[in-house]
Structure formats: C-alpha cells, structure tokens
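K.L.:
Going down the list, the protein sequences come from chains C and B. Reading the first sequence from the start, the letters are residues 3 to 356 in the numbering used here. Reading the second sequence from the start, the letters are residues 3 to 356 in the numbering used here.
Wrong hints could be hidden among the right ones.
You can't tell identical chains apart in this list, so a pair holds if it fits in one copy or across any two.
As the list claims (entries may be wrong) - Result set (BS3-like, lysine-lysine): computed pairs, CA atoms no more than 27 Å apart in a straight line: (1) K257 - K307; (2) K355 - K310; (3) K331 - K355; (4) K291 - K68.
Simulated from the structure, these hints should not be mistaken for lab results.
Listed below are the residues making up each chain.
Protein chains: 2
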Amino acid sequence: MNEYFDTDMLLDRRVSWLADGGPDDDIAISTRIRLARNVSGIPFPTHIDNHELAAVIAFAEMAVEKTECLNDPMCFNIAGMEPIDKQILLERRLVSYEFSASPPVMKTLIVNRDEDVSLMVNEEDHLRLQTIHSGFCLSDAWSVIDKVDDALSSEIPYAFDSDLGYLTSCPTNVGTGIRASVMLHLPGLVLSDQVRPVIQGVNKLGMAVRGIFGEGSDNLGNLCQISNQSTLGESEDGIIQRLQLVVSQIINHEKNARRKLLRERTEFLRDSVGRAYGILNNAYVMNSKEALNSLSMLRLGVDMKLIKSIDIKTVNELFILAQPAHLQKYAGKVLDQEERDVARASLIRERLKQ
Amino acid sequence: MNEYFDTDMLLDRRVSWLADGGPDDDIAISTRIRLARNVSGIPFPTHIDNHELAAVIAFAEMAVEKTECLNDPMCFNIAGMEPIDKQILLERRLVSYEFSASPPVMKTLIVNRDEDVSLMVNEEDHLRLQTIHSGFCLSDAWSVIDKVDDALSSEIPYAFDSDLGYLTSCPTNVGTGIRASVMLHLPGLVLSDQVRPVIQGVNKLGMAVRGIFGEGSDNLGNLCQISNQSTLGESEDGIIQRLQLVVSQIINHEKNARRKLLRERTEFLRDSVGRAYGILNNAYVMNSKEALNSLSMLRLGVDMKLIKSIDIKTVNELFILAQPAHLQKYAGKVLDQEERDVARASLIRERLKQ
Numbered sequence: 003m004n005e006y007f008d009t010d011m012l013l014d015r016r017v018s019w020l021a022d023g024g025p026d027d028d029i030a031i032s033t034r035i036r037l038a039r040n041v042s043g044i045p046f047p048t049h050i051d052n053h054e055l056a057a058v059i060a061f062a063e064m065a066v067e068k069t070e071c072l073n074d075p076m077c078f079n080i081a082g083m084e085p086i087d088k089q090i091l092l093e094r095r096l097v098s099y100e101f102s103a104s105p106p107v108m109k110t111l112i113v114n115r116d117e118d119v120s121l122m123v124n125e126e127d128h129l130r131l132q133t134i135h136s137g138f139c140l141s142d143a144w145s146v147i148d149k150v151d152d153a154l155s156s157e158i159p160y161a162f163d164s165d166l167g168y169l170t171s172c173p174t175n176v177g178t179g180i181r182a183s184v185m186l187h188l189p190g191l192v193l194s195d196q197v198r199p200v201i202q203g204v205n206k207l208g209m210a211v212r213g214i215f216g217e218g219s220d221n222l223g224n225l226c227q228i229s230n231q232s233t234l235g236e237s238e239d240g241i242i243q244r245l246q247l248v249v250s251q252i253i254n255h256e257k258n259a260r261r262k263l264l265r266e267r268t269e270f271l272r273d274s275v276g277r278a279y280g281i282l283n284n285a286y287v288m289n290s291k292e293a294l295n296s297l298s299m300l301r302l303g304v305d306m307k308l309i310k311s312i313d314i315k316t317v318n319e320l321f322i323l324a325q326p327a328h329l330q331k332y333a334g335k336v337l338d339q340e341e342r343d344v345a346r347a348s349l350i351r352e353r354l355k356q
Numbered sequence: 003m004n005e006y007f008d009t010d011m012l013l014d015r016r017v018s019w020l021a022d023g024g025p026d027d028d029i030a031i032s033t034r035i036r037l038a039r040n041v042s043g044i045p046f047p048t049h050i051d052n053h054e055l056a057a058v059i060a061f062a063e064m065a066v067e068k069t070e071c072l073n074d075p076m077c078f079n080i081a082g083m084e085p086i087d088k089q090i091l092l093e094r095r096l097v098s099y100e101f102s103a104s105p106p107v108m109k110t111l112i113v114n115r116d117e118d119v120s121l122m123v124n125e126e127d128h129l130r131l132q133t134i135h136s137g138f139c140l141s142d143a144w145s146v147i148d149k150v151d152d153a154l155s156s157e158i159p160y161a162f163d164s165d166l167g168y169l170t171s172c173p174t175n176v177g178t179g180i181r182a183s184v185m186l187h188l189p190g191l192v193l194s195d196q197v198r199p200v201i202q203g204v205n206k207l208g209m210a211v212r213g214i215f216g217e218g219s220d221n222l223g224n225l226c227q228i229s230n231q232s233t234l235g236e237s238e239d240g241i242i243q244r245l246q247l248v249v250s251q252i253i254n255h256e257k258n259a260r261r262k263l264l265r266e267r268t269e270f271l272r273d274s275v276g277r278a279y280g281i282l283n284n285a286y287v288m289n290s291k292e293a294l295n296s297l298s299m300l301r302l303g304v305d306m307k308l309i310k311s312i313d314i315k316t317v318n319e320l321f322i323l324a325q326p327a328h329l330q331k332y333a334g335k336v337l338d339q340e341e342r343d344v345a346r347a348s349l350i351r352e353r354l355k356q
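All chains, please: the whole structure from these sequences, using the hints.
P.N.:
As structure tokens, then:
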C-alpha cells in the first residue's frame, strides 16, 4: 500500500453511505461508531517521535493489507495534504476535526471503497476505526466495525489492560474505546418548540448531545448528534442498547411532532417547507447557514411527502456537497466567501433540477 | 340610471386598465388625473343637507346619461354599501380613501365599463372626475378627462370664478382643480440605495411624493406616487408638462439604476428576483406587506426579462387582487387576518401557475 490517493477521485462519486436509505432514514441521517485503539508498547501519538509515528502507520497499513478487512482500500497521506483536501475528508465525515486540523505530523487515513469504513492512524490514539451508515442501524454498524476490529487485532498487539480494557490517550475513552452516535434530523420538534425538554431528557439519561440546542451551538439545519458519554464499566452491547433505546424514543417524539404539525398546523408546515423549496430552487447567493436550514426544511417536506419531485438522496448529498471545500474543488479554484455563496446557490439549483 | 350595481360583478373581470401595457410600463404602473368640480349655487358637500346631496347626485347622473360621456356606465350607491364593498372599489382604485371611509351620507360612484373613467359624487367636492391608465401617459389621460369635463360642463353649471378658476371645498384645489399623478415602481433605485436623493430632488421641484420614503411611510412594494402640489396660477397643460418632465427624469434614473445593477451586481439582482419568485410560487402563508414587496421584485424580474415564464399583466393584477377585500370576496366570506394570509398565498400561487 505505497500508493497514496488524491481527494479528487472522491469528488466524482456519490457518497455511497448517504445514498443508501436505511432504517428510519426520514429522521436518522446516519449512524456512526468509532473505536479508539493503540498499539501496545508504543507511547500515545501525542508523545512520540517520527520514527514511532512511522512505525504505527506501517503497522496499520500492513494489517489492513494482510487481513483485507477494508474492501479495496484507499490510503491518504494526511501530513502531505493541502488544507482544502483535508477539509474534503472532513466534510465527507471520513476524519475528525482534530485529525484534519492538527499540525502535519505523520498521519494517514485508510478508507474502504464505499467510504463507510475508515481508519485514522495517529489521531489522538494510534488507531481510530470508524464506520458510518445511512439511517438508524446501530447493531449493523457495530457488527461491521467489530469485524474490522477483530481482524486488525489479529495483526496488531492492542494496548489492553485486563481490568480497565482498551487503553487510550484520553481517559474518557478508556475501557471499550467506543463512541457510538446517531445524527438525527429533528425539524418537527424544533418547529413545534419541543426540542429543549427532549434534549434535556436525553442528557439526564447520560447521553451527549451535539447540535440543535445541545453543547452551546447555533441551530444548524435542525441536526443533532446523540452519543454515549461513558466508555468504561459497561460492555459495547450495553452501551449500544442504551443508545438504541434513547434514540428510538427521540425518533418517536419527532414522529409525533410531525404528525401533529401536519394535523394542526398544516399551512404553517407547508409554508415552511414551500419557502425553503422555493428559495433553494431560485436563489443566486446563499451562505452555508441558510443552505443547511433550508435543506433541512426541504428534507422534512420530502420525508413527509409534501414534496414529491425530489428524492431524499439528492437532499442528503447536498448537505455534504454544499460545504466550502467541496464547492471549491468543483470550481477547480480557491473561492472567497462571496464566491462560495454564489457557487453554493448554483450547485443547489442545478442538483435540484436534475 | 336608477339601477345600482353590485361590486360582485367587478370581480370576474380583468382590471382592464392594468392589462393594457402603455408607455414605459416597465417602470410606470399607472397615470391618473382627477378634477375637482362643484355645482354652482349649492354649498360644498361638507355643509349641505340630504336634499341638496340628492340634488347633486341627480344632477350628476342626469348629466352622465344625457351626454353619454361615460361608456356603458355603472352606478354604485356608496351610502348603502357594506364596508367590504366600498373597500373593493378602493382596492380597484376607483374611489379615494376618504370617499370609501367617511360616514354613509348620500354618495354615488359612476364608472365606465372599462373602469378607467369614474366620477365620485359628493366626495369632498360635489364631483371628482378621475381617469386612470396603465403606464406613463399624462397627455392621453388629460385628453380623456378633459373631454368628460367638457361634456359634463355642458349640463352642470360649475362653480367657477373668473379670477380664481374652479372653486373647491379645500383651498388647495382651487384653480384648475387638477391632481395629476403617476405611480412609479422604483426597485432599481431602492436596491442601489439611491432613492432618497432622487425623491428629495422631486420635492424641490414642487412635486408631492407618496410612498417609498416620501410622506412618512414604510416602503411597500417599492411603489411611489408623484403628483403636482399646486393647482393655482398655472394652466392644466403647464402642470402636466412639468410633471411629465419630472417623471421622465425619475424614469431615466430608474433605468440607469437597473442597468447598473445588471452589469455590476448581477448575482445580487438575480438573487433578489429569484427569491421573490420562489417564495411567491411556494409559500402557503403571506401577509400583504411581504406580498407587495415580493411582487415588486417579481415585476422587476419580468421587466428585466430575468423571468420569462410570467407576463406583466398577471403581476399587475396580483397587486390589486391580493388585497384584503378582494380576497374575502373571492372566498365568499369574511376572513380574519390569518385566513387572509393563507388565501393570499393560495391566490398568488394559482395565478402564477396559470
């Protein structure tokens, strides 16, 4: 695996995990599980030199090659990449923000051809295994990543303590090293002003919430991510089952909110969806916040069959493709913010017309 | 002319003066001239009893009938009308606000079949003759109303003083009794932030400005009305020529502003127009202010050929038909504000689809 790939080859391909549908995909955008693993006998990446970083990369690449645990893998040399290329990987959700933003020490990313399993090498931990799927499918995601983990462990001696479990760079990941998360789209709860109590309930159940009104953020596209907080003292199955339960409840709340809106506030709902549809189809300048929020309303309209001329895959992909790095890659040049806003509006108009 | 008409019969007809086009109709919505006249020997309407009011009405109806100065006239008994019917007449610009709103004393309105010449009887003056035309055509409008005035004067002894001219209830109308006005659509000047200096210039030339930023009002639909201030000491021709000159200059300013926007701020212009188009076609709830402003942007788009699927008559008519009384008449019932906002959005969507 000496050949490194260029992000350009990603751009002409549909984001396959988004095109997939999946259970409850009207509300759950995606399910993601990542595992934090380290190589026994080598210090954590934050404390090692280039030789050791290179050794970890060699270990990982060899293990992937030998076990064939990633189908037709692509390998990206993160350290040698332009910022915009790293951002492409981030926008496609193949790497973490930290992995793409931190100084250019030796890091690689190995991704399977469908872009649904990836392996970050030399992130905060030596290895971060990740799988991402469309819809709400924690157990499928778990079985995928568990197999990859088993395969790699046959070649890589993991840092493991029989009392604590997997050892990780940050204590919050010690134990199972698992972070399972579901990205939910909750416009029904937001429009009917019910999102706060629901999110507060989730927090009380020991789950972390990012986005919507969780963790000090603006509402961007009515999206939020629910994930487990603790990794220690509970089995992977236990963690996943608990998350499964919590997310199922939120999905039910959202379904009820949507039904109620359709029944009791039909015109308001149709208006919110219709305006977003009208603007996305006809604007010539659009910043990313407006794009996210309008795409959110459009997705709601498609999910609720208020808009039938557009399929959900197109909307899902636009969430990814209307981001800054993708826009610039498609344009083939650096764009300032104003130019991006024009390019974004243009891309959205064209994709929606198809 | 004993038969009185119902406003319902107006509703199924296109507003013919709007459907007409006319010179500079991309910027000038309409040209209107009204003349204030009174019957000699009868006190002004504010100071007379019912017998005298009835006498004025009889005078006017007889004169119209005898001289045939209004083609196929319709007569409306204002005093006996429901408020909503009076509002219909106001929304169609057949009567003044004062005429429709003041207490139900004996008043009639006589209108020709094309709705472009009307005669208010017992407004502030005994007679208010009005003609309204599409586009910018002061001299045509003048020749129409002048003929009607001549005809009526052959049957009605006007209150006239050889020094002062026509005598009127309010001193500001004494002399010629003429008020000529042009309704202009100036989105180009507004979008490029040039409207204030232009309007200030107009004021300095002794013209009155209503709307846009003239006479303490919100900007509604980028519309403003320019009219003569004085009626005394100048001939009708002089007044009209002066107004002609001023309006021509404003039209040139607006044309330049539009050209400059198209050349220098293409995306901004397309965006403003496109958003309005998208919202008008897809909203389900719309208040009248948003409707006016969006229709204004749509009209700009049609005028500048950025939008080719919609004709200007449809847009012009929507300015009239999306008003509260028309919406309620079409619905066949009283609608509260929320219901009107839904009906308005629905009417606009349907008309634009046609």
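K.L.:
Using 27 Å as the alpha-carbon threshold, which applies to K355 and K310: within, between, both, or neither?
P.N.:
both (13 Å within a copy, 18 Å between copies)
K.L.:
Classify it for me, K331 with K355: is the Cα-Cα distance of at most 27 Å met within a copy, between copies, both or neither?
P.N.:
Within one copy, since 21 Å is at most 27 Å while 38 Å is not.
K.L.:
Given a CA cutoff of 27 Å, do K257 and K307 count as a within-copy pair, a between-copy pair, both, or neither?
P.N.:
within (14 Å within a copy, 44 Å between copies)
K.L.:
Can you give me the call for K291 and K68, within, between, both or neither, at a CA distance of at most 27 Å?
P.N.:
Classified as neither; 44 Å inside a copy, 68 Å across copies.
Hint violations for this structure: number 4 only, all remaining hints satisfied.
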